[in-house]
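Number of protein chains: 2
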Amino acid sequence: MERTLIADTIEKVGETVLVKGWVQTRRDHGKIVFLDVRDRWGIVQVVATDEIAGKINSEWVVEITGLVKKRPENLVNPNLATGTVEIEAKSIKVLAESETPPFPLDTEGLDIDEELRLKYRYLDLRRPRMKQNLLLRNKVVQKIRNYLLAKDFVEVETPILTKATPEGARDFLVPARLQPGNFYALPQSPQQYKQLLMVAGLERYFQIARCFRDEDPRADRAYGEFTQLDVEMSFPTQEEIRSLIENLYVEIVKEVFPDKRISKIPFPVLSYAEAIEKYGTDKPDLRADKKDKNELAFCWVIDFPLFEWKEQEKRWDAMHHPFTAPKADDIDFLYLGNPKEFGKLRADQYDFVLNGFEIGGGSIRITDPKLQSRIFEILGHSPKDIQTKFGHLLQAFKYGVPPHGGIAPGIDRFIMAALSEPTLREVIAFPTSASGRTAVMDAPSIVDKSQLDELGISIKSKRPS
Amino acid sequence: MERTLIADTIEKVGETVLVKGWVQTRRDHGKIVFLDVRDRWGIVQVVATDEIAGKINSEWVVEITGLVKKRPENLVNPNLATGTVEIEAKSIKVLAESETPPFPLDTEGLDIDEELRLKYRYLDLRRPRMKQNLLLRNKVVQKIRNYLLAKDFVEVETPILTKATPEGARDFLVPARLQPGNFYALPQSPQQYKQLLMVAGLERYFQIARCFRDEDPRADRAYGEFTQLDVEMSFPTQEEIRSLIENLYVEIVKEVFPDKRISKIPFPVLSYAEAIEKYGTDKPDLRADKKDKNELAFCWVIDFPLFEWKEQEKRWDAMHHPFTAPKADDIDFLYLGNPKEFGKLRADQYDFVLNGFEIGGGSIRITDPKLQSRIFEILGHSPKDIQTKFGHLLQAFKYGVPPHGGIAPGIDRFIMAALSEPTLREVIAFPTSASGRTAVMDAPSIVDKSQLDELGISIKSKRPS
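Read top to bottom, the protein sequences are chains A and B.
Number 237 in the numbering used here belongs to position 237 of the first sequence; there are no gaps in the numbering.
Number 1083 in the numbering used here belongs to position 83 of the second sequence; there are no gaps in the numbering.
Calculated from the structure, these hints are not laboratory results.
Ideal Cβ placement from N, Cα and C applies to all residues, glycine included.
Treat each hint with caution, since some may be false.
SDA-like cross-link-like pairs, simulated, lysine to any residue; straight-line CA separation at most 25 Å [stated by the list, open to error]:
#1 Lys1389(B) with Ile446(A)
#2 Lys139(A) with Tyr1147(B)
#3 Lys1398(B) with Lys254(A)
#4 Lys151(A) with Lys1254(B)
#5 Lys131(A) with Asn57(A)
#6 Lys254(A) with Lys290(A)
A few chain B residues that don't get close to chain A, going by computed Cβ distances all over 10 Å [as the list claims (entries may be wrong)]:
#7 Asn1077
#8 Pro1180
#9 Ser1243
#10 Leu1248
#11 Ser1271
#12 Arg1374
#13 Leu1379
Isolated chain A, as found in the complex (with noise of 0.2 Å):
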């Protein structure tokens, strides 16, 4: 007999049926016992006289075969969407037992221990409300697809084992065993390889991409990983840019969070200087209630400054990365002005921002080598440091460059600020610890010497001070 999953119970009134699913409660009435049966797409009342029947507890995995029966109107339960329905058990075959849960899972789960949550992470996910999370970012993810396909965005994997990059964040590192002695790392952003996608003449590019950063952890950053939906195109003005994110963001809150309102389309424009003048932040929080879970109040920050000075290091760093372009009008200023007044200068940089969260960032990148240069210059790399970090790029531009810019909007950072969750793990299926522990499995561990032979790597007895 073929399987009917329990949403669809309710269509088959008078129909013996076979659902197979998950104990939620036991009902207990004398020789009569009911149980609500849970699968992924609903749950609804088995009612049991079977002997067997009263031994099952919740969770336990069932199969069961029994007639579908119209209540009668006065039993209708209106919290079900089955709720009209009952089976009448004919057979019940237990598939799996399962101990207590450590933790109940029909509550929210806020108020339990985080660590007991993440390690018993497969029980956590049964709650509604972490299911319920789990779709919808698998929906905005795919509506993101959806959007940029039929816009002719290719998407295009780049690698996860590659080269340290200068983004600002301190690397993952992977020993390599085929040259011991030296590291891939793993990538804080695909940026190099977008640009370089758009040096082979792509285009229009975009990747559902993973990130890895080291970095400690804080509310609005999740320890070690990230996703984020890289874009870049080529020929592209900032304007387009923003229009293109904007119209994505518009159609993602109309059909995956239709209860949300965005407070103004277009979304506002501000400029950095204005941003800081009037809010006091670069990311400001435009809701007119900020209590409001309903209202999504996105804008734009734009004229970031290019430079910010780093007072420790005695030097200018870049506000964003050192791929982003000046603002036209600024670049003559970075080759005849006076190095102390190079915060003045403005780059072609627009930051994304919903609700106090940044949620993504993006420029119109240097394609100049000679310009790129200058900047690794005034960020106070020497030519040879130059040369070994960055000379592919240098290299690919001097092959027809095409003008080209991006953003990179997070994935997980916008989920979590539209459900207005507490922290980025509560949308993330296995998220590492604050500590840097992972769900469920217990790593990072230790491992045989004789795989860090291999590596021709060796643990140091003490950790440096």
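Here the structure of chain A is known, so what remains is to put chain B in place on it, guided by the hints.
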């Protein structure tokens, strides 16, 4: 003026357009210069009399405004989609110059030294064949997504920073800064996570998943990383999973490779014993004509042995992986049979084969913790080892695990086989070379001592013998 894509110029006869792209070739005819200009969507002939046109070389990036004119009948170029028109240039702007590429870009490129092609991959990808491969790959992947999403499968991202898993290959390790002396591993596949998602009740999961194996490369295996379609279902039969995938690949071929012909639908199903006896291999090439590039001979190979004997290690090893269920009829033998005869046990496993390549493998999984422990024991794991490495999975199976199974077809390998490309690297944007060096960027590379200090590791002066 808004940009016109070159493919659209054919519909703009009599209009002045702005096109942007790369100069493919320049032909000088005295005062008249012909430029073939290329963007991602097409190539068009531009007729120029401007002095600047004579200076432009191949692969320069230009912006041209001009009048689209119908060509006289006798000058129509039947080899160009835009061959009935040409653009009379009014103004030409050079956006970027180009040095002469290190190899020709208008050939197949297979005769050029591969290291050189990978070093200049951004140029290599300008070849029509390589661009086409990236576009086809994108189409295959999006077709897979649409097919599975329509059947209510949910795409879930699983971690890249995770724990070492025992899938038979060598793990890449990532030193953990927050726990010096400890390591993450990159996943050989999301095998355990997808099983945990079944425990979570997701029922239908998929992911276009990046997988990592530090194994010496082969023709049909790229070094380092590869991509697989990772699928898992709850409450399935082997036939359901095979049929799901079989229909998917029939549709992919129909939509993405309409010139290819599938030899037999439904795909032939051979037992392992039959395949070995008839063809001497468990991945037979069933094409009628092995040289026919348009014939796709898919088949299934089933009833694999559960174990294979490792003579060197004097122990049984899992033929697929240790989570593969034995055939129901064979389970008792695991407890009562003679260990010397364990080679007779059959697995509930199915391999997916195309033109002599194994393009995927799957199985029904073990969900009985007792049986799973027994398998680990037979494979030679000590009780302590089982607890350390698999305790989390055995624990998860105590909380209502549904019967489940899945499959993981390789993306790179399928596209390579379908396109009859000689290596996987022809269908990957930025592959690593056989020696483990990354394309374009010079990795793996040395890192600062301070970085190693932070990770609590050091490099051995000599590689141990």
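Do the hints match the structure? See the list:
As the CA atoms of Lys1389(B) and Ile446(A) are separated by approximately 11 Å, the hinted pair is consistent with the 25 Å bound. For the hint pairing Lys139(A) with Tyr1147(B), the CA-to-CA distance comes to about 15 Å; that is within 25 Å, so the pair holds. Between Lys1398(B) and Lys254(A) the CA atoms are separated by roughly 41 Å; this puts the pair beyond 25 Å, and the hint is violated. For the given pair, Lys151(A) sits about 23 Å from Lys1254(B) by alpha-carbon distance, which is consistent with the 25 Å threshold.
A C-alpha spacing of about 22 Å is found between Lys131(A) and Asn57(A), which places the hinted pair at or below 25 Å, so the restraint holds. Of the supplied pair hints, the one linking Lys254(A) and Lys290(A) holds, its CA atoms being roughly 21 Å apart against a limit of 25 Å. No beta-carbon of chain A is positioned within 10 Å of the beta-carbon of Asn1077(B); the least distance is around 21 Å. With 10 Å as the threshold on Cβ separation, the claim that Pro1180(B) sits away from chain A is violated: the shortest Cβ distance comes to roughly 5 Å.
For Ser1243(B), the non-interface assignment is confirmed: its Cβ lies about 13 Å from the closest Cβ of chain A, beyond the 10 Å cut-off. The Cβ of Leu1248(B) sits about 17 Å from the closest Cβ of chain A, beyond the 10 Å cut-off, so the non-interface label holds. Residue-level check passed: Ser1271(B) sits 27 Å from the nearest beta carbon of chain A, beyond 10 Å. At the 10 Å boundary, the C-beta of Arg1374(B) stays outside the reach of chain A, the nearest C-beta of that chain being 17 Å off.
Here Leu1379(B) stays apart from chain A, with its beta-carbon at least about 17 Å from theirs, past the 10 Å limit.
Checked against the numbered hints above, the structure breaks hints 3, 8 and satisfies the rest.
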